[in-house]
Amino acid sequence: MKRDWKYPTTNKKWKVNNAYSHNTDNSLNDKKNKYSNEFTVVNNIKFQSKLESKAYNVLRQMLMAKLIKSFEMQVKCILQDKFRNQLGKMRREIKYFADFVVITNDDIEYVIDTKGYETEVFKIKKKMFEYKFKKPLYSIKNMGALDNLILGGVYNGK
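All the letters of the sequence shown, read from the start, carry residue numbers 468 to 625 under the working numbering.
There could be a bad hint or two in this list.
[As the list claims (entries may be wrong)] Below, simulated EDC-like cross-link-like pairs (lysine to aspartate or glutamate); rule was C-alpha separation at most 16 Å, straight line:
hint, residue 1, residue 2
1, K599, E560
2, K608, E560
3, K608, D573
4, K549, E560
5, K536, E505
6, K562, E597
7, K602, E587
8, K521, E505
9, K533, E597
10, K594, D580
11, K513, E539
12, K602, E576
13, K521, D614
14, K536, E576
15, K562, D574
16, K517, E505
17, K562, D580
18, K517, D580
19, K608, D580
20, K543, D580
21, K533, D574
22, K543, E597
23, K592, E539
24, K536, D574
25, K602, D574
26, K536, D614
27, K590, D580
In short, the hints are calculated from the structure, not lab data.
With these hints in hand, go ahead and build the complete structure from the sequences.
What follows is the structure, encoded as structure tokens:
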């Protein structure tokens with residue numbers, strides 16, 4: 468499927484029996500960051516939070532039930548290219564990794580981020596994403612919101 472907007476992708480579309488793994492470490496569950504989200508490992512995949520792992524499980528079940536065509540995880544989006552400033556100093560690119568990009572059976576594409584708490588940095592990157600790609604970035608706080616968005620096309624967030 469060809470997108471009407473472009474960003475570099477991981478090209479890891481999910482099929483029912485696709486194997487995808489990260490380096491996992493048993494000590495991940497002992498670590499917490501300043502927002503109190505716990506790292507979680509499901510099917511040898513490391514997730515930044517329990518909410519993200521639950522969203523993965525819900526999307527995987529939707530895929531197996533053929534309610535969606537596919538989904539991708541951790542899709543890299545370049546919000547601003549690297550450049551040299553007026554003094555010649557190199558400035559790094561500004562990037563954002565979407566938690567999920569979901570393609571429904573109707574070929575509707577949803578870019579989804581699971582957030583219990585929206586930081587100021589996320590709010591800025593969300594605005595930059597929506598400006599550059601002319602697509603909404605959906606911030607999901609619970610699984611009911613994910614079901615409503617994917618299956619019903621209804622989003623009650625901001």
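Verification of the hints:
no.	hint	in the structure
1	K599 - E560	14 Å, holds
2	K608 - E560	28 Å, violated
3	K608 - D573	24 Å, violated
4	K549 - E560	4 Å, holds
5	K536 - E505	29 Å, violated
6	K562 - E597	13 Å, holds
7	K602 - E587	20 Å, violated
8	K521 - E505	12 Å, holds
9	K533 - E597	29 Å, violated
10	K594 - D580	13 Å, holds
11	K513 - E539	15 Å, holds
12	K602 - E576	9 Å, holds
13	K521 - D614	12 Å, holds
14	K536 - E576	10 Å, holds
15	K562 - D574	25 Å, violated
16	K517 - E505	6 Å, holds
17	K562 - D580	14 Å, holds
18	K517 - D580	13 Å, holds
19	K608 - D580	9 Å, holds
20	K543 - D580	12 Å, holds
21	K533 - D574	13 Å, holds
22	K543 - E597	14 Å, holds
23	K592 - E539	20 Å, violated
24	K536 - D574	8 Å, holds
25	K602 - D574	14 Å, holds
26	K536 - D614	15 Å, holds
27	K590 - D580	12 Å, holds
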